[in-house]
Structure formats: C-alpha cells, structure tokens
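Enquirer: Protein sequence lines, in the order shown, are assigned to chains W and S.
One point on numbering: in the numbering used here, the residue at position 472 of the first sequence is 472, and numbering is uninterrupted.
One point on numbering: in the numbering used here, the residue at position 62 of the second sequence is 62, and numbering is uninterrupted.
Since the hints were derived computationally from the structure, they do not count as laboratory data.
Here the structure is a predicted model, which is why all the values come from computation and not from measurement.
Heads up, some of the hints might be wrong.
Derived Cβ-Cβ restraints for the label pairs, each shown as a range [stated by the list, open to error]:
(1) T430/W to L101/S: 49 to 55 Å
(2) D108/S to I401/W: 48 to 54 Å
(3) V4/S to A50/W: 52 to 58 Å
(4) I7/S to G453/W: 33 to 39 Å
(5) P23/S to L7/W: 28 to 34 Å
(6) T430/W to G14/S: 48 to 54 Å
(7) I505/W to V93/S: 45 to 51 Å
Glycine is no exception: its CB is placed at the ideal position from the N, C-alpha and C atoms.
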Amino acid sequence: MGWLDHLVIIPVLLPLVTGALLLMFDERRHKLKATINVVSTICLGLVALALLDLANTPTAANTETASVYLLGNWPAPFGIVLVLDRLSALMLVLTSLLALPALIYSLSRWHKSGPHFHTLFQLLLMGLNGAFLTGDLFNLFVFFEVLLASSYGLMLHGSGPLRVKAGLHYIVINLAASSLFLIGVAMIYGVTGTLNMADLAVRIASVPDADRMLLDAGAGILGIAFLVKAGMWPLGFWLPTAYNAAAAPVAAIFAILSKVGIYVLMRLSPLLFGAEAGASTGFGDEWLMVGGMVTMAFGIIGVLASQAKGRLAGFYILVSSGTLLASIGMANAPTTAGALFYLVSSTLAVSAFFLLIELVDRVQDPAANVLAVTMDAYGDDMEEEEAAEEVGVAIPATLVILGICFASCGLLLAGLPPLSGFIGKFAILTAVFNPNGLTQGSTLSLSTWVFAGLLVVSGLAAMIAITRAGIQTFWAPIEGRVPRVLLMEIAPIAFLLMLCVGQTIFGGPIMRYMEQTAQSLHAPETYIQGVLTAPRVPSPAKEAAP
Amino acid sequence: MELVLSIGIGVLIGSGVWLLFRPRTYQLIIGLSLIAYGVNLFIFSMGRLKVAAPPVLASGGPVNPADYADPIPQALVLTAIVIGFATAALFLVVLLVSRGLTGSDHVDGREPN
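Working from the sequences, and respecting the hints, build out all of it.
Expert: Structure below.
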C-alpha cells in the first residue's frame, strides 16, 4: 500500500490536525494563524485536485474507478469505508475552491472579529470533506454534526443581536433535523441490518414486503433531514435569513453547505432506489421533482421580492436547490450531468455574489438604505465594524471593477450566455426535453414543461432582481462616497468569477466529466462491487514472512 | 416490555415536539433534549429488545449469535448521546447570549405585542 492510497483520508485528517494546531496559539497571533490556515487550505486544494485526477484516471482493471479506503482495515460491510469516486472528488475540489477565496477575503478584517475563526473554518472543511467521502450512513451523520457544529460557530462569528437571533433559529432547526436523521438511520438499520451504503443497495431489493413500508418510512424521514439542509419548500424558510445574517466570508463558504444535502440525495437516490431496488425503485423521485419545482417557484417569488441583496442571494440559493432537486427527481443520467454542471457554476457564482454584496453595500449611502423595506431584518449593526482601521491603498476606479463583477455575477446567476450558468441550464433543458437522446416523436409529460418553464422564468427573475439592485447601487447618485476596497477583498471575487469563465471555456471536457459522473451514479454496480470487494491490507508480519 | 418502551419513546418525543413549538428558548432546549432521549431509546430498540444478553463476544470457543445482543445500535447510541450532549451545551450558550443581548427569552428576541 503506497502513500498514494492514503491520499483519500488526507482531506479529513489535514483540516482536523490544522484545526487542532490552531487552537494552540493565542488569539492575538492573527498573522501566524492566518498563515497556517492559508497554507493548509492550499494544500487541501492540491490534494483535492490530485484526488480528482485519481478518480478520473481509469485503472487497468476497469474504466469506472472508485478508490475505497478501509478505515481500521476492516472489510467493507463491517468497518467504515471512505469511497472516492468522481462525484466525491468533484465535491472535494469545489469545497476547496470555495474555501480559499472565502478565507483570503476574511483576512482583510473578518477573521479578527471573533475567537477561533480559523479553527472553526478548518473543522467545517473537515466535516464537508468527510461527508463527501464517507460510504457509511452513520459516519455521514457524524461528519454532518462536525460540519454543523462548526457552522453554528461560524454563523455566530462577529456576534450582534441579528446574528444571534438568526443563529438561534438555524441551530434549532438543524438540531431537530439531526434527530430526524438519527431516526431515519435507525429505521433503515432495523430493517436491513446494515449501514454501509453499498451493502444497503444490495439488500434493499430483498427486503420482505412486510418490512417494505418501514424501509420507505425510514428513507423518507432520512430524506427530510437532507431536504432541510438543501432548503426545499416548506423546510427552507430559515435559509435566506440565516445566510443574510452571516458574515460575508462565512456566507460564501455556506454556499456549499446547502449543496451537501443535494450531494447526499444525488448519491443515495440512484444508489438505493435505482433500477435494481425491486419494489422500491424510484422511491421519492416524484416528491423530489414536485418539491423541487415548488421550491423554485417560492425562490423566484423571494428573489423578486427581496430588497436587500443578501436576501436576494439567499433566495437564489433556494432557486438553485429547487432546480437541482427537480433534476434529481427526473432520475436519468443526462439530466444529472446537466445538474452537476449547474451545481458547480451556481455555487461558485453565488459564493462570489455573497462576497461582492458586502463591498457593494459600502458604496451605498446608508441613508438610501433606509428606503429598503427589509431594513429591519438587514441591520445597521453590521456597518459599525467597518469603522475599524482599513489599512491599504484604495483601488482606483473601484466602482468600475465592482460593476464588472456585479454584472458577471448577474449573468452567471441568471444563466445568460456567454458564461457557464447558461451552459448548465442549457444542458439541463436539453436533457429534460430529450430523455432518450435526440429522437423524433417522444412525448413530453406535463411536469417536464412545468420544470422547463420554471427554469426559464427563474433566470428572468434573477436577471430582473439583480438589474434592479445594480441600478439602485451603481446608478444612484453617490455623494462623495467611493468605497475603500482592498485588493485582498476584490481578488477572491475575481478568482471565483475566473473559475466560472474557465468552466465556460473548458465546458467540453468538464461536461464530459459530468456525464461520466452521472453515468456511474445511475449504474452503481461498479461502486457497489468496488466497496464490497475492496481488499484488506495484509499485516506487515505476514507480508514479511514469505 | 415492547409496549412500555414504545409508550416511553412516544411520550418523550411527543412532549419534546410540543415544547419545540413553544416560543421560549428554555422550552426549546428542554424539548430538544427530550427528543434526543426519545431518539436514543429508539435507536437502541432497533437492535431488537433482548434481556440479559451481552453485546460483546466472550473470548474463545464457538459463538452462538443468538445469545448476544446486537452491539451496533449500542455503539450508535453512545455516539448519538455524546453528540447530542455537546450540541445541547452549545445551544445553551447561544440561548444565554441571546438572553443577554436582547433581554428576552423569546426565540425572536422580542416579546410579541
């Protein structure tokens, strides 16, 4: 077993060790802590890229790769496994690509406004990476709790009554959802006697009819726990308020938090209730589809109705969650491929948007803000911290740069050409209209038309809302208030937007990767076989003997 | 025994859910704790109820699995207890901070008019 085989566990271990190490240093040593954190996050990004390469390189044995890491060297159904396939590698890369800009942005001032920011940040990364890698339901719960516990801390970072109130609601909802998670996991264990996802996929087909209802109930309850995270209507009312109240870099990294629920549904729905699942095939697909569409509709109304840009971004997350959920509900590989492309693009864009909002709001005259209807929810208390010293040179033509970034975010979020948001939506629409490839005379169901309509309208709504916000900000008379923006604050936004541009330019190869990912998700035999037949490492004594 | 256990779980979770819908933070934390207890008992019961059976195998000799209780739910319960305890403690801190900042124990930070 070479060192390369141990690479799979690095995304969990590295943030854990870094987070623990950062606890050792005094809070006042900001520079040291920041340096350690940045170095660790960059290393994490490199590891994630290496893992992506590993997952994408076909081995000699088969073309579909799933690297399996047996924790404690126990064989698969008995011990906990970490599984690296294309989907988890993609999510790992996305996480580290979001983490780095958010971290750099926070170094301009946010990281000093509360204790243990860096530790919590690293532990959040550990929870995210673990949740993307694990192949065991209960282990998934543990990593969920790790990421939630640190997200509670980050949510409250910077303090203030508004954040504490939103954080209180956020914590209660997630604690209740965790209880549902446990009930669901316990019921599934009670019926099938296993918690390993691959083993579960094998056993679900042979569950006796008398127990089938219990299994479905368990899976449904478990699904609700994930849907709360993803923000499906009517479980997602907490989301816009919480994300709006969080500090800008925290909101930027939280953009991936709602995608964790999506990831799990994307993984489990075809794995457990795919074509092999016997009587349970397609369980929950209609719910996801209908729920996703209602979420989209709710999000569209919210996007149009929000005055504050933070709430706009929060509702946009609901729209994108709804789109993804409905695409998962379609349960076919081409739609999933489009949804994956859309997931990456929308997460990067909304993360950039959260960072940008804070800078743009500095432009606005505070008096003009009073006009905003949601001023009450929006809070004056955030402005106070800005009075703190801001060392550095103000970039000339700040407004031009901010305007360009704002317009790019608008294009990405609305899904207009030429940026990657358009490609993602286009891929979903193409797949929805041609579920069996390009054939003549295939009939389309009503739900397809509704979904396509909502997808187009959601783009229009985002465009209207962002244009309105842009006009209010950039074309309103500015009374001598050109904001001071540090290079360190604008660079992360530019980085995220450049990633989206890169995703547009390399759309072909990336789309092929997404298609392969979607295909292996919908044909999970390789995954199941890979996990269940993963060889144990022989003990060193035995290896030495012959 | 099954009846007593299921009634117990039902009462715990039922009271917990009712408290969760109340507007005071103290009621919330008691509600969440009760739900956590109910859930822990529920996980435990998913390994099937068995009296006087150890979960850990005795060393040596042939093993008859029927003589033993399922150890996995017990391990899961331990983990769930620890996590539930930690999150309840964390919530307690947030509750106190909210009380300190707003001067109210209402979940919205202000008394309804």
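Enquirer: Could you check the hint for me, namely that D108/S and I401/W are 48 to 54 Å apart, CB to CB?
Expert: 39 Å, violated
Enquirer: Taking the CB of I7/S and the CB of G453/W, does the distance hold inside 33 to 39 Å?
Expert: For I7/S and G453/W the Cβ distance comes to about 50 Å; the hint is violated.
Enquirer: That 52 to 58 Å hint for V4/S and A50/W (C-beta), does it hold up?
Expert: 55 Å, holds
Enquirer: Within 28 to 34 Å: is that where the Cβ-Cβ distance between P23/S and L7/W falls?
Expert: 50 Å, violated
Enquirer: Can you let me know if the beta-carbon spacing of T430/W and L101/S is within 49 to 55 Å?
Expert: 51 Å, holds
Enquirer: Between T430/W and G14/S, is the Cβ distance one that fits in 48 to 54 Å?
Expert: At 49 Å between Cβs, range holds.
Enquirer: Okay, I505/W versus V93/S on CB: inside 45 to 51 Å?
Expert: Check passed, 48 Å falls within 45 to 51 Å.
When held up to the earlier numbered hints, the structure conflicts with 2, 4 and 5 and fits the remainder.
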